[in-house]
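> Taking the hints into account, I'd like the entire structure generated from these sequences.
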Amino acid sequence: MDILTILAESARTAVGPVAAIYALAAIGLNLHFGYTGLLNFGQVGFMLVGAYGVGISVGVFDLPVLVGFVVGLACAVVLALLLGIPTLRLRADYLAISTIATAEVLRLVYRAGFAEPLTNGVYGLQNLSSGFRSVNPFEAADRYGFGVFNFSGNHLWVMVVTWGLVGLFALLTWMLMHSPWGRVIKGIREDEDAVRSLGKNVFAYKMQVLVLGGMIGALAGAMMAVHQAAINPDQFKPQVTFFLWAILLLGGAGRVLGPVIGSVVFWFLMNFTDGLLRALGSEGYLPFLSGPDFGAIQLAFVGLLLVVLIVFRPQGLIGDRKEMLINVK
Amino acid sequence: MRTRLVTVLLALITAFVVIPGPAATADEQGGESLTGQIGQPDDRSQGVEGIRITVSDGDDEVGADETDPDGNWEVEVPGPGTYHLEVDQASVPGEYELRETPLVTDGTVEVESGDNQTLILALVEAGEDQQEESSPSPEDDAAEEDEDAAADEEGIEVEGVSGGFGDRFAQLTAAGVLFGLVIAVSAIGLSLIFGTTKLINFAHGDMVTFGAMMALLFSTGAAGLGNSLLAIFAGLGGAILLGALLEGKVRAVPLIVAQWSAVFGGIAVATAMGVAGDSIEWQVPLWASAGIAVAMGAVLGGTMERYLWRPLRRRNVALIQMFIVSIGLALVLRHVILVLFSANRTRYSGYQVQEMVHFGPVSLPPRDLVIMGVAVAVLVLVACLLQFTRVGKAMRAVSDNRDLAESSGIDVDRVTLYVWFLGGGLASLGGVLFGLNQVVDYEMGFRLLLLMFAAVILGGLGTAYGAMVGGLAVGLVAMLSTLWFPAQLMEAWALALMILMLLVRPQGLLGRRERVG
Numbered sequence: 001m002d003i004l005t006i007l008a009e010s011a012r013t014a015v016g017p018v019a020a021i022y023a024l025a026a027i028g029l030n031l032h033f034g035y036t037g038l039l040n041f042g043q044v045g046f047m048l049v050g051a052y053g054v055g056i057s058v059g060v061f062d063l064p065v066l067v068g069f070v071v072g073l074a075c076a077v078v079l080a081l082l083l084g085i086p087t088l089r090l091r092a093d094y095l096a097i098s099t100i101a102t103a104e105v106l107r108l109v110y111r112a113g114f115a116e117p118l119t120n121g122v123y124g125l126q127n128l129s130s131g132f133r134s135v136n137p138f139e140a141a142d143r144y145g146f147g148v149f150n151f152s153g154n155h156l157w158v159m160v161v162t163w164g165l166v167g168l169f170a171l172l173t174w175m176l177m178h179s180p181w182g183r184v185i186k187g188i189r190e191d192e193d194a195v196r197s198l199g200k201n202v203f204a205y206k207m208q209v210l211v212l213g214g215m216i217g218a219l220a221g222a223m224m225a226v227h228q229a230a231i232n233p234d235q236f237k238p239q240v241t242f243f244l245w246a247i248l249l250l251g252g253a254g255r256v257l258g259p260v261i262g263s264v265v266f267w268f269l270m271n272f273t274d275g276l277l278r279a280l281g282s283e284g285y286l287p288f289l290s291g292p293d294f295g296a297i298q299l300a301f302v303g304l305l306l307v308v309l310i311v312f313r314p315q316g317l318i319g320d321r322k323e324m325l326i327n328v329k
Numbered sequence: 001m002r003t004r005l006v007t008v009l010l011a012l013i014t015a016f017v018v019i020p021g022p023a024a025t026a027d028e029q030g031g032e033s034l035t036g037q038i039g040q041p042d043d044r045s046q047g048v049e050g051i052r053i054t055v056s057d058g059d060d061e062v063g064a065d066e067t068d069p070d071g072n073w074e075v076e077v078p079g080p081g082t083y084h085l086e087v088d089q090a091s092v093p094g095e096y097e098l099r100e101t102p103l104v105t106d107g108t109v110e111v112e113s114g115d116n117q118t119l120i121l122a123l124v125e126a127g128e129d130q131q132e133e134s135s136p137s138p139e140d141d142a143a144e145e146d147e148d149a150a151a152d153e154e155g156i157e158v159e160g161v162s163g164g165f166g167d168r169f170a171q172l173t174a175a176g177v178l179f180g181l182v183i184a185v186s187a188i189g190l191s192l193i194f195g196t197t198k199l200i201n202f203a204h205g206d207m208v209t210f211g212a213m214m215a216l217l218f219s220t221g222a223a224g225l226g227n228s229l230l231a232i233f234a235g236l237g238g239a240i241l242l243g244a245l246l247e248g249k250v251r252a253v254p255l256i257v258a259q260w261s262a263v264f265g266g267i268a269v270a271t272a273m274g275v276a277g278d279s280i281e282w283q284v285p286l287w288a289s290a291g292i293a294v295a296m297g298a299v300l301g302g303t304m305e306r307y308l309w310r311p312l313r314r315r316n317v318a319l320i321q322m323f324i325v326s327i328g329l330a331l332v333l334r335h336v337i338l339v340l341f342s343a344n345r346t347r348y349s350g351y352q353v354q355e356m357v358h359f360g361p362v363s364l365p366p367r368d369l370v371i372m373g374v375a376v377a378v379l380v381l382v383a384c385l386l387q388f389t390r391v392g393k394a395m396r397a398v399s400d401n402r403d404l405a406e407s408s409g410i411d412v413d414r415v416t417l418y419v420w421f422l423g424g425g426l427a428s429l430g431g432v433l434f435g436l437n438q439v440v441d442y443e444m445g446f447r448l449l450l451l452m453f454a455a456v457i458l459g460g461l462g463t464a465y466g467a468m469v470g471g472l473a474v475g476l477v478a479m480l481s482t483l484w485f486p487a488q489l490m491e492a493w494a495l496a497l498m499i500l501m502l503l504v505r506p507q508g509l510l511g512r513r514e515r516v517g
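From first to last, the protein sequence lines stand for chains R and V.
Under UniProt numbering, the residue at position 223 of the first sequence is numbered 223, and the numbers go up by one with no gaps.
Under UniProt numbering, the residue at position 275 of the second sequence is numbered 275, and the numbers go up by one with no gaps.
For the record, the hints were derived by calculation from the structure and aren't laboratory data.
It is possible that part of the hints are untrue.
As the list claims (entries may be wrong) - Mimicking DSSO-like on lysine-lysine, the simulated pairs with C-alpha atoms at most 30 Å apart in a straight line are:
no., chain 1, residue 1, chain 2, residue 2
1, R, K237, V, K198
2, R, K200, R, K322
3, R, K186, R, K322
4, V, K249, V, K198
5, V, K198, R, K322
6, V, K198, R, K186
7, R, K200, V, K198
8, V, K249, V, K393
9, V, K393, V, K198
10, R, K200, R, K186
Said to hold, decoys possible - To spell it out: a stretch of chain V is covered by chain R in this simulated footprint if at least three of its residues, at any positions, have a beta carbon under 8 Å from a beta carbon of chain R; those stretches are:
no., stretch
11, 325-332
12, 335-348
13, 448-456
14, 488-501
Claimed, not checked - Some but not every residue of chain R turned toward chain V, in silico, with C-beta under 10 Å:
no., residue
15, D293
16, V302
17, I310
We put the CB at the ideal spot given by N, CA and C, even for glycine.
Given below as structure tokens:
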């Protein structure tokens with residue numbers, strides 16, 4: 001067992017394409033929860049429609065990948081409106097239940113038999129990234145980077161684009177939150193009734209945030225599709241949403257860079273625990289566990305992380321404790 | 001704090017940049033390869049071992065691999081190009097055959113440079129006509145939305161054994177009532193817990209799974225694991241009961257000592273049992289193990305309340321934060337169950353192939369009649385408990401208005417603990433009934449959770465009777481929708497009903513009109 005190798009590999013993954021994609025989706029969730037106090041437990045649903053927007057456009061209809069991105073974003077807008085209209089006027093717990101349920105139903109619909117002509121059911125769609133890779137400025141087969149941080153050209157291209165988007169949307173978040181619009185949004189989080197009494201249309205503001213955050217989530221899903229080149233509905237289980245929550249709370253909700261730092265640290269921890277467990281397992285220290293158990297232990301670890309963070313450090317790494325005392329009204 | 005953090009991060013990053021990378025060569029992403037995972041048709045997370053896959057370039061074999069116990073395989077290819085993939089049909093276990101996809105019949109794969117391509121090979125059950133043997137009741141095919149083969153067998157279910165629309169309607173109504181009763185039994189706890197603490201317990205589904213798994217464990221033979229779990233739960237249960245019954249009546253210090261000694265005693269006995277291992281083996285019939293499961297479920301609920309939620313409430317943790325804690329708890333519970341019991345889908349043995357009992361157009365196996373009987377009896381009992389006993393009235397009072405109940409002298413904390421006992425026990429019972437009717441696996445509770453949410457919102461969040469009515473309605477809608485629509489959409493219709501209810505009457509059928517926005 002080589003602890004340095006595990007550490008290095010974990011650090012490499014922590015800045016890799018997957019971490020970037022999750023950071024992007026968590027920025028959307030940060031707009032929902034961190035700034036507006038919307039309990040969205042179905043962010044994975046937005047990622048799913050984004051990914052399938054690309055998947056169906058590129059994989060089934062042979063359209064350019066850019067059209068796929070537009071389709072994915074449009075689907076996210078529709079989904080946000082459908083979700084928001086019945087639930088945003090109600091208490092936050094209704095939104096929580098509706099979002100988690102909707103995301104799961106979407107997954108079931110996309111994998112169902114009757115949707116197979118479009119989604120190819122449980123087998124998913126393949127060969128989605130050739131359009132994206134054809135504009136790759138890097139040599140696909142070469143390796144770039146220094147030290148342990150080296151990536152193949154294809155991965156580097158995904159990373160550049162996704163981290164670029166992360167930067168862009170982090171900047172957008174910062175600008176929005178320092179605008180009058182952002183002050184209203186944060187006001188809704190603190191005291192909805194006070195904002196309403198100032199004559200603001202709270203419902204409309206919440207809806208705008210839901211749509212915007214959902215679109216960012218869909219963009220993350222679309223990047224996931226072009227990164228993996230193949231998608232299937234079972235990649236979009238509710239666990240993904242819970243990962244995003246762990247990332248957001250780890251980094252610090254209601255902070256521009258919270259999701260970014262959260263994602264890097266989260267994926268470092270995930271890969272480190274995984275590598276360590278597997279290394280211990282292959283050395284024979286864990287005779288009572290077999291291969292698939294390691295994944296399960298990791299997910300249990302994410303759950304534990306959520307509990308421990310909320311109980312002992314609700315503001316995460318860089319958050320402000322006072323801001324995190326949001327309550328349901 | 002912040003500066004320290006940044007320093008540590010910077011130091012870490014520098015360290016990794018400086019470490020020259022033998023690690024980089026260790027990963028496989030440099031070259032091109034083909035990988036995949038082959039799983040069992042009914043549960044794709046269970047791998048199938050020993051299937052041989054050969055990749056060739058023209059006539060030259062490039063590489064070959066056999067799937068490992070998890071069903072994973074990987075073949076490295078020398079570079080970009082077009083390859084031919086072949087699966088050795090003889091190595092596929094006899095009970096399965098390969099699904100005929102273009103990949104299997106044609107076998108051509110294009111590999112781009114730097115590509116680590118995942119190929120999807122899927123198995124189906126050999127011979128499509130053997131699925132009917134276990135139980136021809138319609139809900140069996142209908143409710144298993146996770147069944148990959150469901151798409152293929154839709155025809156059987158919708159065209160039906162009994163032909164005419166009226167007959168199918170009657171059959172599905174019976175199935176819907178059954179399903180609804182199971183949902184109702186499981187959902188009462190969810191609704192009461194919400195009523196008394198305003199907490200949406202996302203871990204409720206996994207408490208259902210817990211009950212089903214415990215019944216399975218004790219009915220198939222509890223050895224070391226069962227004994228240990230039993231000892232731990234006995235210790236915890238003792239501690240909580242001591243607290244619930246004696247708090248305020250005896251002095252605090254001896255009580256706390258007694259409680260903790262019960263907990264640690266349980267753990268000590270559990271360790272001893274674990275060491276003794278399989279030498280103490282016993283087995284009880286399903287009804288008895290269901291009783292054990294219900295008791296353990298009650299203790300699980302009580303433990304969560306006493307040692308997690310009550311302290312959190314004392315610390316004034318906000319409700320949103322509590323939701324997230326309950327999600328974390330659900331993840332922990334589900335995956336601990338997964339590690340302990342593996343991902344297999346199992347059924348309670350001995351109740352699968354049964355002679356059907358006919359009532360006019362409806363025919364049900366006796367086990368379904370028993371499920372209905374038990375569920376109805378339990379619902380009536382719970383209703384009586386809530387309506388006529390002191391503790392039941394207190395539960396409804398706390399659920400109605402926590403502050404008012406407290407100011408009129410009700411010990412709210414104790415009532416909340418009883419609600420968790422009741423909710424946990426009922427969730428376990430719901431799990432056993434659901435498992436008896438369907439299959440037991442580690443995700444069953446989460447699938448039921450969405451329907452439970454629909455049920456409690458439909459009936460009115462926080463009302464016990466609402467959960468019963470809502471459960472029945474959701475079960476009926478889910479089953480009857482399969483008359484016209486594909487079975488995979490069952491849950492979607494139940495949730496559509498929920499959304500509709502939120503639009504027209506957000507407080508639910510039996511909820512009291514109040515501001516919910």
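> Name the hints, by number, that the structure is in violation of.
none
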